[in-house]
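> In case you want the letters, here they are:
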Amino acid sequence: MSDNMNDMDQIQLFNDQGRLLNAGLPDEEKALFCDAAPQVDAPYRGIWEKFLNWARSESLWILGFGTGCGAIELRPLMTSRYDMYQYGVQPRPTPRQAGLFIIGGYASVKTMKRIVRSYEQMQGPKFVLGLGSCTVNGGMYWDSYNTINRLDHYIPVDVYIAGCMPRPEALLAGINELKKLIKEGKGENANKYAENFEWYKRNQKKIIKDWNMPDYNW
Amino acid sequence: MVKEKENSKFPPLVDGKSQYDLTSGKYLRVWQGPQHPGITGNMSLELTICGDEIIDCKTHVGYLHRGFEKLMERRKYIQCFPVVCRICVPEPDFNEYLFAACTEELAGIQIPERAEWIRTLNLEMARLTSFLMWIGGQAGSFGMGTIGQWTVTLRDYMLDLFEELTGGRIYHMYMLPGGVRADFPPGWINKLLDTLKTVEKTLDDVELAMMHNAVFKMRAKGLGIITPDMVDKYGITGPNARAAGVARDIRKDSPYLVYDKLDFEIVTGTKSDAYGRCEVRIKEMYQSIDLIRQIVEKMPKEGPFFTKLPNVLHWRIPAGHTYKRAECTRGEYGFYVQSDGSDKPRRTYVRGPSYTHAVALMEHLAIRTNIADTAGLMVSLHTYPPEIER
Amino acid sequence: MLTSILTKALYTLISFFVILNYSLLLLGTMARVRAKVQGRIGQPVWQPYIDIIKNNARRSGVTHGIMFYLGPVFRLAGGLGTYFFIPVIFGSKIFANFSFSGDVLLVMYFIFFGQLGMALGAGESGHPYSPIGVARGLAQMTAFELPFSLAVIAVAAQYGSFSITEIVAAQQGGWQNWVAFTNPFAMAAGMLAFLGMSMNNPFSIVIAPQEIPIGPPTEMHSSFLGMLQTNRAIFNGAKMVLFMNLFFGGAAHPNIFIALGIMIMKTFLIYLYVVFVGVSFPRFRTEQSIRFFLGVPTLLGLIAVIQQMI
Amino acid sequence: MTEFNELSRQFQISDLKEQRADLHFFHASKEHAVAVLTSLKEKYGYTHLVFFTVVDHLEKNEFHLTYMLHNYEKHHDMGVVVKIARENVQMESIHHLWPAAATYQQEIREMYGVEFPGSPGLYENFALEGWEDIPPMRRDFDTKEYSDKTYYPRPGRESHDPREYMKENLYPGEAETW
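Chains as they are written, first to last, in the working numbering: chain A, 1 to 218; chain R, 219 to 608; chain W, 609 to 918; chain P, 919 to 1096.
Straight-line C-alpha distance at most 20 Å; calculated PhoX-like pairs for lysine-lysine:
| no. | chain 1 | residue 1 | chain 2 | residue 2 |
| --- | --- | --- | --- | --- |
| 1 | P | K1067 | A | K206 |
| 2 | P | K992 | R | K451 |
| 3 | P | K1062 | A | K206 |
| 4 | P | K1067 | A | K205 |
| 5 | A | K180 | A | K50 |
| 6 | R | K501 | R | K419 |
| 7 | A | K192 | A | K205 |
| 8 | R | K451 | P | K961 |
| 9 | R | K470 | P | K992 |
| 10 | R | K470 | R | K516 |
In silico negatives: residues of chain W with every beta carbon more than 10 Å from chain A:
| no. | residue |
| --- | --- |
| 11 | T611 |
| 12 | S612 |
| 13 | V626 |
| 14 | L688 |
| 15 | G699 |
| 16 | F720 |
| 17 | P736 |
| 18 | S771 |
| 19 | W783 |
| 20 | P792 |
| 21 | R840 |
| 22 | V885 |
| 23 | Q896 |
| 24 | L907 |
Everything labelled a hint here was simulated from the structure, so no lab data went into it.
From the three backbone atoms N, C-alpha and C, an ideal C-beta is built for every residue, glycine too.
Using the sequences plus the hints, can you model the full thing?
Here's what the structure looks like:
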């Protein structure tokens, strides 16, 4: 978490009241957006939280956003050959209602901006599944000037699925792994994002040069 | 873009640009995509709408830009070969074939006859696979999920065949410069023929449930009409042009591989609206099945499928440049490769048919359509974003 | 007095409990039926329960204002209101709900009411696709309300009553007394309007995911969505019970469990018909849908009314 | 090539090269290029603009603008190559001949920095967003260096020169025989 401490001083995120600056927005739009930073929502304790985690893991709603070529394997997964519905997984068209974000492979800078935006609009607890080698280390596009190398520097990732391209079975295995994590109470990455908000924000702002959205998209 | 200035629905023109006063309450600007289930791949349409009617459409691409052409400049020819297929996900084989063909032409390599037949077979299978994906999308964009469920599964059966033949499900990396990577596994041909029978049977069902469906007809007829005079203006190729009655098919016009030895006719339609394009594509699917059967019948059963190459790790290709094209599902797919005598290509340019279809043509056709029809129109042009921005 | 109020409250709770669970299971079952047509196995029958629990277990929520809160509340009030004025089982005290002499009119109002409340809530969410969905929904609702009203008027004229209980009572004594057979035009108009009411294909223009994802509830999340989903189940159940009462003779048997069985069978078949149409057709455009409802169904409704006048 | 001979009487074009029977390339001067394209389109039936792209020849300090036209009657391709210097490059726009050309020009402006005055939407983003470096497709732009300093490369990826690697690790004794 400290390999880019040098950049830390360059970008200022908060004003003295602890509100977000939203420096990328034009002045007339600043009033339209929320300037609060995300907060850590503490989980409940004991058996109640276990029950809720069970419900969360058995009803995963994927955000319908095909960010890369991995989206092509979501189609077979949705249809009769692999039929993810029987595992409680189904697609959902809006980020507000979705809980699972499958990053379908490489993310170009332009898409990264939308990924950040969609991710922040999702309501916690939310989970991210990095699909394909290109989310792990850049994969085939490791030296490309326009694709990111490590997804976990920009948004927290729960499960990575390596391969190019991973088969639908691999995706199902990844989803099962994610379910296990959630049931064990380890799917707290939305809180991790809120805790390390500044670190993530600085990483994001390093690559997204024309930041014309609020600092946190509620 | 504005067709009728006197129509009060359209905003006034100032310096040739239409002026939208978004505060007037008359227009609404909505983004369709990139996070939108009704968009093909990862791109977005910026729509200005008046009521339900689109009065301006602007395509935004580049969400999938990976800089392939730059990456290939710093990879050797054989290292480029696993990269090229990633340009287009539903049918990567055309990329592989064209890159291999360009390299072979520049290096002066002749590939064995059997390799040509296998390549043709592979390309036709890719065509069928891609169309199966498309037809699900076309029905789904009008809200009929059932067809998509059927056909995507069929596509999966085709992908199984690919997997057995090439080892890869989506990306095959099968046609490398000099021929193809492997021969048919034993019994594979029979499996292929069986699968074709299944596909044909379900296609009949699909045609019945989709093309003869009253609601589908109501939605698709008259949507996004392409007239023959638009074909050259916008550089329209493939089924989009053929549905308008322009009989152009690269497989027939300038035959590559073994298409001159196969017996087929160019499928044309009479009216290129979304419905007409559907008809043409479904006919082409049947034609593709027929072509695969012909290839299996006519191809030499024995023989080499690969020619010996120099050590590919430091394979220098003589200076020169060439352009190769092939008829893919969406239209003309082409590779322009320039070599400067070194072991890496100096420039590779990929000409994808969606380049013109999804940007200039889509922006033109979307005007005056209903906002509900954007997804259907988009799919009926059969665009695929990665080949636009690469 | 107090005991009667308490008994009534208990009965209402029982009735509510039954319809909630039945409707949720029905939604789950129908998702499986749909999946079978598509060649899949489909989600578990109890998936709607898990979804609702999950949505309510979301830790964060964003509001856009007072109406945004009230939208789902109105919607749920509409759903409950529709249900609580329909007698579910004829002759049963427990499932009589709050049926009274003019309940058809009130129920028709409640069917409209939820949508209007939702329109206000969705409008405040600020997402451009929400008002588009609202406009589509209200336009389509106005259109299918016409054949539906005509059908109800024809039925009311036939039996001279606006009370669902009396309409059901008049249909007792065998299937040949059902409105479906005594007044087939009214039934046809009503059932066509029901297609539009249930928001399945080809009339799913409100939430059309490929066009305006996903219409009014675009911004609804967490417990807002949980509430909407609960309402969706109840509202669906209420509408089916209403149609069963109006056209298919209601559910009546001295034994309450057999009567419930009849109710389940009839509503299941009514919903199956909707799903059957839903999987076989794509979606209409808004104006096509309106044109459809103002065409054949309205004509059928008119014929039914004229038939009663003669 | 009759087209070439006829055109060369009017315009400065040179270096006709036959790549295949159905593919010819020739060079045109910057001033005459658009006129040559216009007559190819209007007079000789090359109605289809297949693509339009740029090849960077850094060592010659030249951009080679490549227009590829196709004739549907003769099924023949004609590549027109225009050499221009790399500094402050400007070229006439051809969007009046093919509306689709505006997209190509938009992309080339972004990827190479070639300007086409008058082309619609020229300065809008095409594939990149918020790009601050030199245009990325120019050969003096090093994509690996940019990627290394921007995108937090995950440690552990090494690349070897294949020849050296094979010599050392895979076939230690046989390397001399190559």
